[in-house]
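Produce the entire structure from the sequences given, and follow the hints as far as they go.
Chains as they are written, first to last, in this note's numbering: chain H, 1409 to 1582; chain W, 32 to 185; chain G, 60 to 734.
If you are wondering where the hints come from, they were derived from the structure by calculation, not from laboratory data.
Check before you lean on any hint, since a few could be wrong.
Unchecked claim - Going by beta-carbon spacing under 7 Å, a handful of chain H positions derived as facing chain G:
{"#": "1", "residue": "Leu1416"}
{"#": "2", "residue": "Ile1428"}
{"#": "3", "residue": "Leu1430"}
{"#": "4", "residue": "Arg1432"}
{"#": "5", "residue": "Pro1434"}
{"#": "6", "residue": "Arg1435"}
{"#": "7", "residue": "Phe1449"}
{"#": "8", "residue": "Phe1461"}
Idealized CB from N, CA, C, for every residue including glycine.
Chain by chain, the residues:
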Amino acid sequence: MTKFFFPLILFIVLAVFLAIGLTRDPRAVPSPLIDKPAPAFALPLLSDPGQRFDSKEMRGQVWLLNAWASWCSPCRAEHPLFVKLSRSGVVPIYGLNYKDEREKALKWLRDLGDPYVATVSDTDGRLAIDYGLYGVPETFVIDRNGVIRYKHTGPITEEALQDKILPLVKELQK
Amino acid sequence: MRRFLLVPALLLLLLWPVAIAAKEAQPLADDPVLELRVMALAENLRCLVCQNETVAGSNSDLAADLRQQIREQMKAGKSDQEINTFMTDRYGDFVLFLPPVKMTTYLLWFGPFLLLAAGFVVQYVYLKRRRDRASEQPLSETEQKRVETLLRDG
Amino acid sequence: MTVVPEIGQFALILALLMAATQCALPLIGAARGRQTWMELGSSAAQAQFFFVAVAFFCLAYSFITNDFSVLNVASNSNSLLPMNYRFAATWGSHEGSLVLWSLMLALWTVAVTLFSSRLPLEVRARVLGVMGFISVGFLLFMLTTSNPFVRLIPAAVEGKDLNPLLQDPGMIIHPPMLYMGYVGFSVAFAFAVAALIGGRLDATWARWSRPWTLAAWCFLTVGIALGSAWAYYELGWGGWWFWDPVENASFVPWLVGTALIHSLAVSEKRGSFKSWTVLLAISAFSLSLLGTFLVRSGVLTSVHAFATDPKRGVYLLSFLVVVIGGSLALYAWRARRVGLGGKFDLVSRESFLLSNNVLLVVAAASVLLGTLYPIFIDALGLGKLSVGPPYFNAVFVPLTALIAFMMGLGPVARWKRQSLPELAVRLRWAFAASVATALLLPFVIGEWKFKVSLGLLMATWIGTTVVLNLWRRIRVASSEQSIVKRFTSQSRSYYGMELAHMGVAVCIVGVTLVTGYEERQDVRMNVGDTATMAGYVLRFNGVKQVTGPNYTAVRGEVEMSRNGEFVRVMNPEKRSYTTTTESMTEPDIERRFTGDLYVQLGEPVSGGAWSMNIFYKPFVTWIWGGAALMALGGLLALTDRRYRVFGREPRRAAASQADEVKAAPERATATIEES
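In structure tokens:
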């Protein structure tokens, strides 16, 4: 009469999966771009729209790309960490200004500090789509060969910096 | 010269009321036929910033941008499959509401069918075994007649 | 600042104590044969209900009087909120909806104490005991992780307001109906567990369970239909079902509940399927609980999901393991004692009903699989996946077709033994009529489409077999009776079934026609522009600013005419509520029996014009009309004279006499089995 145990066993299996499910975040979307080449771009600079920044210039360096906008409050929350990081000079940080107004973005940087070597303007959000961006802020770690090695969704925290981003950067810089 | 202008002037005068009368509302999209195709595809894509809404239905900026992307790609002649690949290359399988048929989704896609087949097989086997097992004591004549009448009435 | 919230909190604690008493005393009493302990179960249950009701009223009072010193009120209400929504906001949050859950459970429990005079004392005691256990679980959940009476000190000056999407009459009725359904399955669950504990499971068990299950099923049907109707006009795209995880969480128990009422019918009439029916009874409520878990734990994303906290997820999962795991373990241990029941052939009404069960359970399992699959894949570290409407439609529609096919065969087949050729002969005209109608009707409506034809075939098949069945019954009934008498002598249970099945057919017609023939136009309208849709002419006359009690809105003025005659002015709105930044669209819908004209105001576009979305939804109200018929059918079946509790002892109807005779061979069988 083992057939009567079948529903119980099925339920136990389900409960185990649900328990594991409780530890996961259903809204976190892993990026399919990890370990793939970062989409190349050449976009106008925020500071001087007449000039362009070409991502190919970064070959041979490890760098961070941080997507932000002046209308985004979590970006404001994470910004001091970037300012601090830029002062330490460990890794160059480039900004991607997402769907913003130039004046507002420049004022934001003036008020809060500008940790970026340069910031590019992605006013229509097309580059963001290529990077699989679905909100701001998001931060990418890109290696010497132009390959994306890590993506952090949401504002970066001290823990994320210390535990994941900085060790990875050090590793890549060897 | 005046006679030359008379005909066009008359025509203008005749058509003027028609020109200023309320007109039929224009479709919002530049190309309504294409738009139907755009929306059909967008209906099967998840809007990542919203909880469980489609790119077709969501009011968010990202959804509007993605719809624009789809529109442009369709105009450029890309197929539905190519556009879906474009999206999954950037956002992963999570963005598709129709899960692809891969190793990891075999259970999902074939599960219901297998379950149905199993259900009927089990039912058949069970009923056969049941019929073979249970045996009846014969009923008396009157009981038999009564049973038949009642069964007929359902 | 009043002391009402504290009274409410105290009431919850007392309710918990009463529930614990209601659980422990009768169960121990039944095990030890202590009569007084068993009898105390009813009193404890009634006391529990009293205290839960007090707690509910305290919370509602806090909302109605805008007591922003209560955190729940401050987070979910606002002084500008109209009174009826302030009341509905009582259950607009996770904590508040749990109070509603507990109230519903206490209500069902009290109903059991009032309507179970014919149950043997030990059965009633065990049923109350099991329900008490569940009450304890929910009350403890509230008191430990989700207290609705937590204070906010210092009190907020103003509340954050109820989510604008919920400021709607739907909010007042949909959750209570839904919860009455979900929670109502706990009665069938309790009966099943009580029977397993007591080791007694016979046709009378099925007879006791059936009305309770039917009642719960009716409420759940209405609850789900209301949710669908509400989403239709609230969410702005005229969609009525999204296969959203939370929707599925209510649909899966409904499917299993439907299987259960059919299975109970067989167990009651023929004494067969008992162990299977018990398993279904346990499953229906377990799935309700699973749904509760899914919605409140944060494992799934959904428009409907409540805000989450890991502690809650852990508690609920543990509760699930105890209740579901416990009952399934009990089942595994005791089910074999249940016995075989009446004999029937491979082809018989019993076997058709069994197939119906298989199909419904497979449908439920498939929907559950699709809903939970993303969790499985994520838990296994295989990435993130989405399972959406395209999957569910692909799987569910074929199953519905099979179910519809069975629905034609089952009621016409004989109990015990049915020959297939005879069945085919009986049904040939119904089949021919259905095929003919299904093939021709689409041409009449507009355009022939395969899917429409298929859907219509399902619906007409069900419809014609219902009529055929009724005709046969009337014809076969004693010719001494007048025609009218022959109609009235059929049981309510029979009419209930036919009505409910018709409801399914009507619903399928609605779904088929709206999916097949709906139209949409997205237009830009300047003042004076007209648009035509399905014979209606809409003329845009501009917009106006209006103010509501807690919102300002832009209201479109759209003159609607049909066949050259003015009908009315439609007023689609875009509302901005004072407390949130997003705007909400309120479409205006012209509802007719044969279809809805659905007009939605869009955005202002260049040149002073506005974009508008105009939809035509043919026969969409038939979807919910069908559901209403289903619920009415269930209600009718519920009032069958077999189940009358009040008044005189019910007359020994032909049905119960038949039971006696049918029970005879069954008793003989059972004896042989046991020896």
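Here is what the structure says about each hint:
no., hint, verdict
1, Leu1416, "holds (4 Å)"
2, Ile1428, "holds (4 Å)"
3, Leu1430, "holds (5 Å)"
4, Arg1432, "holds (5 Å)"
5, Pro1434, "holds (5 Å)"
6, Arg1435, "holds (6 Å)"
7, Phe1449, "violated (26 Å)"
8, Phe1461, "violated (32 Å)"
In terms of the numbered hints stated before, the structure departs from hints 7 and 8, listed from lowest to highest.
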